[in-house]
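**Student:** Below, each chain spelled out in residue letters.
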Amino acid sequence: MSQSMTPMMRQYVEMKNEHPDCILFFRLGDFYEMFFDDAKKAADVLDIVLTSREMSGGERAPMCGVPHHAAENYLARLVDHGYRVAICEQVEDPRKTKGLVRREVVRVVTPGTLSQLQTKDERSHSFVVAVSENQGSYGLAAVDVGTGTFTVTQFDGQEACKLFSDEVMRLRPAECLPNAKLSQDPAWHRLVDETGALPAEDDAGYFVPERAEEALLRHFGVVSLKGYGLEGKEQATTAAGALLQYLQKTQRIFLAHLSGITYYHTGAYMLLDEAARRNLEITRRQMDGKREGSLLWVVDHTVTAMGARCLKDWLERPLCRLEEINERLGALEELVGDALLRLKVKEHMSPILDLERLASRIAYGSANGRDLLGLAASLRRVGCLKNALAESQSSKLVSLHETLSTPEQLCNAIEAAIEPQPPVSITEGGLIRTGYDDTVDQLRLLAEHGKQWIADLERSERERTGIKSLKVGFNKVFGYYIEVTRSNLGAVPEDYIRKQTLANAERYVTPRLKEEEEKILNAQERLWELEHQLFLELRQSVLEHLGEIRRQAALVAQLDCLLSFAILAVENDYCRPELEKSKIIAIEDGRHPVIEKVLGPGQYVPNDVQLDEKDKRMLIITGPNMAGKSTYCRQVALLALLAQCGSYVPARSCRLGLVDRIFTRVGAHDNLSAGQSTFMVEMTEVSSILNAATDRSLVILDELGRGTSTFDGLSIAWAVAEYLHTKVGTRTLLATHYREMNELASQFHAICNMVVAVQEEGEDIRFLYRIVPGQADASYGIHVARLAGVPPVVLERARSILEKLESEPRNHNHASVAPRSSRRQLALSPQLEHPALRELKGIVIDELTPLEALNRLQRLQRLVREEES
Amino acid sequence: MSRIARLSIATANQIAAGEVVERPASVVKELIENALDAEARRITIECQDAGKRLVRVTDDGAGMDRHDAVLSLERHTTSKLREIHDLDSLKTLGFRGEALPSIAAVARVEILSRPRQEMEATGIEVEPGSEPNVRQCSGPPGTSVSVRDLFFNVPARAKFLRSAAQEMSHIVDATMRLALSHPHVSFGLLHQGKMVLSTSGSGKTQNALAEVWGADRVQGMLPIEWESPEGVVIRGFAGSADAATGHRRYQFYFVNGRAIRSAPLRYGVDQAYQGILPSGRFAPMLLLVQLSGSMVDINVHPAKWEARFWNDRAMQDMVTEAVRGALGEPYRRPPSRGEWSASSSWRGESHPEGAHMAQRVQEPLFSPYSTPWEEQTRWEWLGQAHQRYILGYDGQRIWMIDQHAAAERICYLKLSEAQRSVAQMLLEPETVELGQAQHQMTDDCLQILRQMGFEVESFGPRTLLVRAIPAPLSGVPVRQLVTDAMERLGQHKGMWGLQEARLALAACHGSLRSGQRLSQVEMHALIRELLATDPPFVCPHGRPVMIEIGEDELDKKFGR
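Top line first, the protein sequences correspond to chains Y and Z. All you need for our numbering is the position in the first sequence, starting with 1, plus 1. All you need for our numbering is the position in the second sequence, starting with 1, plus 3.
Among the hints, erroneous ones may be present.
Which stretches of chain Y does chain Z cover? Using the computed rule of at least three CB atoms under 8 Å from a CB of chain Z, they are [said to hold, decoys possible]:
(1) 19-28
(2) 590-604
(3) 756-767
Since the hints were made in silico from the structure, they are not lab data. The beta-carbon is built from N, C-alpha and C at its ideal position, and this holds for glycine as well.
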């Protein structure tokens with residue numbers, strides 16, 4: 002770098018040295034400029050022109066820039082590419098300073114903190130996360146700067162690592178800050194890669210426990226963190242404090258909207274691991290990660306952004322306690338049964354803005370007059386919601402009625418100060434109401450009087466000049482003028498100065514007129530400055546109410562979720578589930594909520610499910626693929642999930658014994674990049690199920706043992722089934738193509754066989770999509786291949802091979818498969834008694850002669866041989 | 004030579020179809036009625052292209068087995084009656100055996116049906132003129148009937164169909180009627196995949212009403228409960244005057260559970276609202292009439308819209324009495340304690356399902372007057388009360404007049420009378436400073452103001468120069484007048500702007516506010532002006548201007 006730099010360039014270099022790892026947005030006039038390497042990188046990513054600027058000594062520095070008012074989009078793009086951006090603003094008014102204007106970095110924008118400026122999707126959170134590990138304890142803290150959400154949890158004990166990973170995956174953070182131990186752990190890095198988060202670095206000892214705790218205490222202004230539930234949770238506290246410090250450094254404001262911190266414990270909810278969430282497509286589709294086609298997509302009927310985020314949370318964390326679930330269901334019953342209430346609540350709730358985001362805008366100092374008025378209006382709506390619930394009976398609605406309230410003082414203050422329908426800008430006046438501040442009123446009157454004086458000029462000038470048709474007027478270009486028609490031009494006095502000529506008239510000004518106009522403009526300028534000042538004061542005063550605003554926002558979000566469940570139930574014919582402490586699952590005419598929606602009315606074939614503790618703990622479901630086995634299994638899991646979220650379910654009736662965890666092992670999914678084959682992935686998932694399932698869990702196993710050879714697969718599947726049935730005692734739905742597994746039902750009485758109903762018609766088969774008790778009598782694999790369009794010559798060959806294989810005697814024992822017959826409605830195979838046995842039973846030995854006995858024996862032998870062929 | 008030949012079945016069907024199937028809404032109605040007869044609890048109606056391309060009605064009712072499904076497409080087959088005298092004891096909606104075959108004669112029909120206990124469903128596809136294609140397939144319990152390409156084979160019919168919006172509104176209408184008369188059934192109506200109407204089937208009529216007509220319209224409605232000695236039962240809900248509209252779209256009439264259009268019923272309702280609403284204004288109304296089958300004939304028209312009563316006049320009067328009973332008559336009902344002429348509250352015993360209803364006490368409405376207004380000279384003016392009400396006595400009744408509402412009415416009429424109101428020049432032009440909102444005024448707004456009689460022009464960034472105001476509003480502070488007018492114009496665009504601006508100005512500046520003392524001369528003048536308008540019952544917003552109390556009522560108050 003050249004020796005003699007301009008003072009400005011020197012300032013730039015100083016700033017840049019403070020933030021070497023960021024791209025520096027340097028404010029110059031209406032632009033943010035970037036220099037040197039930054040410029041090159043940015044020009045490439047943002048697709049803008051790379052120019053250069055002269056520095057002293059004839060050297061030119063590469064440069065590019067973006068306009069200030071459009072900066073957000075460019076910021077977003079840079080951040081998307083993984084860059085951090087430090088924003089350096091002019092902190093003095095350039096018009097008032099001589100020489101170099103002082104500049105400061107006001108914010109560092111990172112992937113996790115972009116949400117304050119811009120959101121891609123207001124219905125989801127965008128988290129920055131800090132994680133801390135020590136001696137097997139994991140602390141996890143998460144903040145969404147856009148909404149002010151601050152949550153933290155801790156994992157201890159045996160499963161800590163797995164639970165911790167699952168929770169990180171669930172949060173899907175945009176940015177992660179690990180402590181020193183974790184940042185050296187390759188497993189952690191793999192996890193971060195999977196979530197796509199940008200890793201941040203702790204370069205200032207954020208994770209030192211004392212510092213972390215100190216930071217928290219100072220921020221919340223308390224002497225102990227006990228009130229937040231953080232007592233004794235060292236890792237959680239450390240993670241939370243580290244995160245807070247990191248944010249303070251990058252955001253550089255007092256994070257007023259982080260008004261509280263919530264400690265939660267994952268064990269209080271139904272546990273779903275990442276595989277289950279993925280397989281059941283709860284918030285995103287497995288195929289492409291889109292929201293459309295997921296359970297959330299079907300269920301979401303919320304009307305506010307806060308409600309949408311809350312609903313996502315409710316679906317990801319179903320409840321586990323009967324009283325809480327019934328509380329929600331009770332509120333739901335009331336909302337469903339009383340249309341007037343439901344419609345009124347919806348009416349009052351719809352106009353409510355995203356209070357959480359508004360709160361954060363206020364904290365960041367980017368809220369304008371409209372935002373404040375919007376805030377006041379929305380808070381008033383909260384009072385209307387409270388009134389709408391005045392006559393509710395159910396406990397949840399009553400409690401909401403009692404806790405919802407409008408912060409009257411705040412709303413009054415805002416409404417008294419801000420003019421209705423204010424402009425977007427806060428520096429161009431028109432913002433403050435008349436009557437709020439004396440000086441403002443005076444200045445306004447001054448400007449007004451000035452104008453009235455000018456209007457009065459019409460009469461006085463008419464008198465003075467005697468021109469009856471004289472008029473005063475206003476024009477954007479020339480300002481105020483006196484207009485005289487052509488015919489009167491003679492009577493125009495001397496002090497009139499001609500300004501504009503028209504076809505039939507001339508327009509003049511007088512010195513006095515111009516003087517008044519000047520006064521008006523001056524008053525205007527002072528007025529605008531004062532209004533700006535008053536606005537800033539008002540906005541500042543709102544900060545102390547942020548905690549209350551966020552509390553109300555959370556209540557509104559809850560009500561919105563209940564409302565959403567109610568609308569869902571009404572529009573889709575759902576019923577109220579009955580939850581109990583037993584282990585029963587009894588569903589009548591159950592439907593898969595997503596598939597029935599996608600197919601349309603009158604298409605989805607409903608099915609019953611019956612599971613209980615004693616006689617039907619495990620269902621083994623056989624039948625051809627694509628006939629509804631997987632859907633059936635997933636349907637049961639989804640209904641259990643919905644029911645425990647406190648929602649109605651798509652069924653005619655539903656009784657459900659509480660489920661503590663749902664496990665799924667579905668489909669073939671390999672993770673080659675992580676060095677795992679299909680089978681390996683499968684076995685990993687299975688092992689976690691076997692280790693973690695309890696007798697209160699629900700396990701869905703679909704095509705277990707698919708990834709390996711038939712005998713291995715069958716053996717493993719068999720053993721797993723036995724183990725789950727006997728040792729774990731969990732409720733299980735096992736869909737399989739191994740017909741041999743039907744034998745389990747005769748060995749264990751709590752295992753039952755179910756089969757997909759199939760109708761044969763010659764070469765064709767028809768799926769009836771009904772799951773009924775029984776066994777599959779054939780695999781129909783060839784039929785399905787035919788449906789898929791496999792060439793006939795291949796099918797023929799397959800058929801002959803099949804015949805050969807089926808006729809060969811097998812070494813190991815498996816259930817005798819009843820012979821196929823064409824035209825059978827149900828694939829039932831009743832255990833027929835062997836004719837030889839029947840005959841044997843009928844023999845009366847005393848009455849046989851030796852010859853007869855020999856004959857009989859021969860007959861019996863023949864019968865047995867015949868049956869076998 | 005023989006010229007008469009038998010019509011083919013197909014042709015006969017088409018002809019009959021002409022009567023039953025007028026438009027997609029007829030298809031919807033027929034199919035829904037079939038579903039209801041099958042005891043469905045959930046009925047979904049899907050429409051594409053306002054029903055022209057597709058109408059599909061799906062229900063979860065009894066379903067049909069193969070034999071029934073095939074037969075349903077034949078004419079004059081029905082499960083609903085066996086002999087003609089069954090008509091009298093008819094409890095179902097469909098009975099003529101014409102709906103499905105008629106529809107199938109003018110569209111491509113698909114049926115998918117399965118009785119609950121069967122394993123397989125029956126699927127039928129049929130086109131007019133050809134044999135139906137029947138097969139077994141999978142399906143949920145219940146029935147789903149798809150009607151595609153309505154009138155594809157009778158283009159003349161197809162051309163008569165109106166725009167998509169109009170046809171859809173007929174469909175919505177038909178669905179609404181059936182949903183309201185069957186509140187225990189849950190309905191879902193979709194158009195192009197979007198939910199247009201949805202009822203929960205909770206069993207309570209007021210729920211269905213709220214879901215169908217919206218909470219606001221329904222909130223003020225009063226229950227109707229009435230029975231005659233002959234066994235005619237009239238139930239329903241009567242809307243309040245402020246929810247009145249200029250059309251009858253929110254008036255539904257049902258006889259024995261069937262949606263009906265009937266003059267006697269309509270006139271009966273109108274009669275009941277006489278004196279409360281000016282002619283041409285209709286309050287929301289749900290009227291459910293139950294009477295013995297011998298007193299009404301419903302088999303009049305194939306589309307079953309009309310009914311013939313044993314005595315039209317008697318029916319009409321019964322309706323009037325029933326509705327009046329709900330609205331409350333000052334002199335027919337003894338006033339409840341402490342309140343003038345309040346009728347039963349929402350929560351009264353007369354209404355069985357009062358549990359969840361919001362509290363609502365009806366405001367006193369007044370009855371049709373009989374005193375000719377020209378005899379005002381017989382009126383004695385008693386004075387002014389609360390600086391708000393003028394009291395008078397006409398020899399028979401005591402009258403109370405809201406001076407502000409009266410002034411409003413007078414002013415409004417004056418403003419509306421002239422095409423372009425007479426303007427009153429101001430002594431001096433005045434500047435009016437506008438707020439941020441009004442500052443975005445358009446030339447249209449200024450134009451409307453000029454039409455009303457203002458003379459205005461732009462005078463600075465947020466300023467107007469006013470030279471003249473409408474004559475009827477002289478005496479009102481100019482600034483306030485103009486700001487108010489601008490505000491109203493900002494809210495309503497176009498044609499309504501003028502109307503609303505007039506309303507606003509009349510309302511706020513009709514020279515008299517509550518709380519203004521009037522001398523006797525002033526009172527006389529006001530009343531005289533008021534009586535010159537016709538009829539002098541309601542202010543422009545629909546609020547009453549005058550209330551009367553008869554002698555009987557006074558007597559009862561004093562316990563005589």
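**Student:** Could you work out which earlier hints the structure fails to respect and list their numbers in ascending sequence?
**Tutor:** 1
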